[in-house]
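So you can see what is in the structure, the chains are spelled out below.
Protein chains: 2
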Amino acid sequence: MTMLNETHDPALRSWVASANLAGNDFPIQNLPFASFRRQGSTEAFRGGVAIGDQILDLAAVHQAGVFTGNIGQAVRAGAQPQLNDLMALGTPVWSALRLALSRALREGAAEQAALQACLVPQAQAEYGVPARIGDYTDFYTSVHHATNIGKLFRPDNPLLPNYKWIPIGYHGRASSIGVSGQQFRRPVGQTLPPGATQPSFGPCKRLDIELELGIFVGTGNELGDPVAMAQAEDHVFGLCLLNDWSARDIQAWEYQPLGPFLSKNFATTISPWIVTVEALAPYRVAFERPADDPQPLPYLDSEANRQRGAFDIQLQVGLETPKMREAGQGDATICRTSYRHAYWTVAQMVTHHTVNGCNLQPGDLFGSGTLSGPTLDQAGALIELTAGGKNPLPLPNGETRTFLEDGDAVVLRGWCEKPGAARIGFGECRGTVLPARG
Amino acid sequence: MTMLNETHDPALRSWVASANLAGNDFPIQNLPFASFRRQGSTEAFRGGVAIGDQILDLAAVHQAGVFTGNIGQAVRAGAQPQLNDLMALGTPVWSALRLALSRALREGAAEQAALQACLVPQAQAEYGVPARIGDYTDFYTSVHHATNIGKLFRPDNPLLPNYKWIPIGYHGRASSIGVSGQQFRRPVGQTLPPGATQPSFGPCKRLDIELELGIFVGTGNELGDPVAMAQAEDHVFGLCLLNDWSARDIQAWEYQPLGPFLSKNFATTISPWIVTVEALAPYRVAFERPADDPQPLPYLDSEANRQRGAFDIQLQVGLETPKMREAGQGDATICRTSYRHAYWTVAQMVTHHTVNGCNLQPGDLFGSGTLSGPTLDQAGALIELTAGGKNPLPLPNGETRTFLEDGDAVVLRGWCEKPGAARIGFGECRGTVLPARG
Chain A
56 MTMLNETHDP ALRSWVASAN LAGNDFPIQN LPFASFRRQG STEAFRGGVA IGDQILDLAA
116 VHQAGVFTGN IGQAVRAGAQ PQLNDLMALG TPVWSALRLA LSRALREGAA EQAALQACLV
176 PQAQAEYGVP ARIGDYTDFY TSVHHATNIG KLFRPDNPLL PNYKWIPIGY HGRASSIGVS
236 GQQFRRPVGQ TLPPGATQPS FGPCKRLDIE LELGIFVGTG NELGDPVAMA QAEDHVFGLC
296 LLNDWSARDI QAWEYQPLGP FLSKNFATTI SPWIVTVEAL APYRVAFERP ADDPQPLPYL
356 DSEANRQRGA FDIQLQVGLE TPKMREAGQG DATICRTSYR HAYWTVAQMV THHTVNGCNL
416 QPGDLFGSGT LSGPTLDQAG ALIELTAGGK NPLPLPNGET RTFLEDGDAV VLRGWCEKPG
476 AARIGFGECR GTVLPARG
Chain B
56 MTMLNETHDP ALRSWVASAN LAGNDFPIQN LPFASFRRQG STEAFRGGVA IGDQILDLAA
116 VHQAGVFTGN IGQAVRAGAQ PQLNDLMALG TPVWSALRLA LSRALREGAA EQAALQACLV
176 PQAQAEYGVP ARIGDYTDFY TSVHHATNIG KLFRPDNPLL PNYKWIPIGY HGRASSIGVS
236 GQQFRRPVGQ TLPPGATQPS FGPCKRLDIE LELGIFVGTG NELGDPVAMA QAEDHVFGLC
296 LLNDWSARDI QAWEYQPLGP FLSKNFATTI SPWIVTVEAL APYRVAFERP ADDPQPLPYL
356 DSEANRQRGA FDIQLQVGLE TPKMREAGQG DATICRTSYR HAYWTVAQMV THHTVNGCNL
416 QPGDLFGSGT LSGPTLDQAG ALIELTAGGK NPLPLPNGET RTFLEDGDAV VLRGWCEKPG
476 AARIGFGECR GTVLPARG
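Chains as they are written, first to last, in my numbering: chain A, 56 to 493; chain B, 56 to 493.
Take the hints with a grain of salt, since some may be wrong.
The list treats identical chains as interchangeable, and a pair is accepted whether it falls inside one copy or across any two copies.
As the list claims (entries may be wrong) - The calculated lysine to aspartate or glutamate pairs, modelled on DMTMM-like cross-linking and capped at a C-alpha distance of 25 Å, are:
#1 Lys-260 with Asp-463
#2 Lys-206 with Glu-472
#3 Lys-260 with Asp-280
#4 Lys-378 with Asp-463
#5 Lys-378 with Glu-166
#6 Lys-219 with Glu-162
#7 Lys-445 with Asp-280
#8 Lys-445 with Asp-140
No wet-lab data here; the hints were simulated from the structure.
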C-alpha cells in the first residue's frame, strides 16, 4: 500500500498555471493517465498525463528524449496507443515515473521548456479506451446496492447468504466498453411483462445506470498462482469512473440461473483518465465492517486492509435530459455518495479473483459494482432511487424520470478532498442514450 | 448456410497418404486450422492446416509464394501467430481458400512439390490458442443438461421459465483458456459444506468436466448493429472441442445472484483444431423442437435454421485415471452423445448475442454449454452421470469416480460420419488435473 511521499505535498505548484487553480481535477498531485489524440485527427492514439487543462503527450516526451534510463523506458511504454505496456511495468516503475513527472512539472523545473512543447490542450483532445482490456469483471461490492436491488428482484430473499463472505463478481463484456462521450442505442430484447406468461420483444423500457468505479489491473499473475492480500494492491494500476448501463427489464427475465448478459453487454462507459493508486494515497481510510457481521475469511483479511483498505472517493451522478440540454442548464445531480461505503476492498477483489488460480493480465478491468451508500439519496442506480420505477425522481426543471429516456445523458464525477491534502479529481464519464434501432 | 461443393466429395484423395486412411480425423474433406510450432522450439507460432498426420505450415506456404491474389492474401493472414486476421476475412475468402487448398492437396496436384516442403508432422508439433480471444461467452444450449443440473441445484424448480425462450448465455474468462494438453491445479476456494452455516476454505472437492463445443466468431459486427438469423452463420469461422472445467462445490456457493465465476475461470481447455462451418456442411440436420414447446420468437427463427440449423457431430468423453495411465490402458469412455440434441443452434446464439447491439469481434469464442443428450449415458458432466455424486461411476478397470481426482486426464473427441460423406474429426481435447497448490 503506497505511503505518502513528496508527490502528495499539497504545497506543490506546477508551471502549468491551470493546474494550480482551486477545484481543478488535475493538480500536480494527481497526474492520471489516458490514451488520447487530437480531436478529428488521424493521429495515432498515445498515452498522456493530465496536468491542469493540458495533457502531457508521452509520445512527444519520448520523442524529445526528456527522460532517460528507467524513466525513459516508462515514458516509451506510456507512449503506446494503449497503456498495457506501462501497466505491466509494476509499482516501483509507476512510482518512479510519478516522481519524475512531479519534479519536472513543478514550478522552476529545468524540464519546463522541453515539456512545454509536449502539451496538448484537453479541449482539443479525444480519448480512447486506455487499455486493451483482455477481461472485464464486474463486482458487487456495495451491500447497500445488493440489499436494495435484492428487495426488488427477490422480495423474500434480498441479501443472499453468500454476500457477506464472498466478494461476488461475474465476467462482463470487454468489446462494448467505450470511453466518456459514448453514445449507444437503447437495447432491444426479450422481457416478460408483468402478469404475462410469454415474453415480449422490443426496446428496453427500464434503462438504468450503475455508478461504479473501474479498477485497472497493472501487473498480472500466472495461471495457478494466487495473489495474496499483502501483494494485491501492487497489481493495481489505478481507478477510473465506470457506468454499467443496465436494461432492468431484460435483466429480470434473463438473469437466472447464469447471471446478467444482454442486459449489460450493449455498452459500458468509462472515464478516460486513470487515477493511480499512489495518487489516492492521502485518501485511504479504514475499511469498516459492522461489528455484527462475519469477519472475512483469513485469505481475504489483513491488518493493512482493515486500517487503510478503503478509498474515500466522493462520487456524484448527473442526469441531463434533452430539455436541460436545450436550455443550457447542465445536468442535475441525482446521487451523491462515497466509495468508502463499499463492503469489499480493491485488494479483496484482486485476492478473491485469483484465489482459484485465475490469471489476471495487464489492462484487465474490474468494475466495483454499483456504489450505493447507506441512505436512499446515495443510491447509484435509478431502480433504487425510484424504488423500482414506482416513485418518479423529480428533476429541478420540473421533469421527472423513472428510467432513462432517449436523449438523456448521464455524467459521473468523482474527486477526493480533505483538509491538509490536495483535491484531486477523475474528470467526467459521460454517456448518451440514442433511440433504439428502427 | 454453406452448401455442398466439390471440396466435400468423399471420393477425393490427397497426395498426403495418411489423409486417405479410414478413420483418420483429417482427410482432405476436413482441412481445419490451428496455431502451431515445432515442439520445444522457439519458433514463432503460425497458422497451419491439418492433412492426415501432417500440418500444412501456412507461414511456409506464404514464404514459398505458392498462392497469389486473394488466396495468397488469405494464406498470409493465416500465417500469423493467431488466426484473427484470417477470421476477419469472411466466408467468401475462407471458402476460396478451402477450395484452393483442396485442389492443391489432391492427388496429382501441380502444387505437390512446393507444398510437400511445407509439411510439418503433427507428432512434432505443439499448439497455441488459435486466436486472440477478445471475449468468451458460454451458452447453455442443452435442455437435457439444464434440466439435469437444475434438479440438483434447484430441486423445486429445475428448468427455469426463460429456458425455452432465451438461448441463455453468460460471459466467461478468456485469459485462462488453454489448448489441449493444458494441465491446471485443482482450484481452491470457498464452499458451504452440507448443513454448515459458515463457509469453508480449501481445495475443490467436486471438480467436474463439461463436454462442450467451442464456436469461433469470424467476422464481427459493429456496436449497435445486430446480426439477423439469415446472416448469422456468415459470422462463424468454425468449431472446436471445449472442456468447461467446473468446481461444483464452489459454484453452488457463489453462483447466486450473478452467475458462475471462480467455479469456472481457473481453466477452460479447447482442442487446437478449428473445423470450419463449410467442412461440416454434409452433417447439417434439422433443428427439431418438441411439438409441445413454444416456437422461437421471430428474431430467433428462420426456415433455414429449422431445416438445417443443427450439426450432427458425434461427441465422446474419455477419462484416464493415473492407474490407467500406468497400465498403458488409455482412457475409458464415460459419455457418448451428439451435438444434434442441442436446444438452440449456433445461428441462434449469434443472433441472440447481438440483438441488443452487442458487438462481436473476430476470434471471440462461444461455448455451446454442456452437450448432454436425452439419456443419462449421454450426459456431458460427472455431476449428471453420478447424480450429484451419489452414484459413483464404475470404470472398466474396477475403479470408480464421482468427481475428478488429482492426476485424472479427460479427453474429449468429436467427429462426423455418415454414408455417402467423408468422415471428418476434431482431433482431441485433453486436460489434466494437478494437485491443489500446497
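Provide an ascending list of the numbers of those earlier hints which the structure does not satisfy.
Violated hints: 2, 5, 6, 7, 8; rest satisfied.
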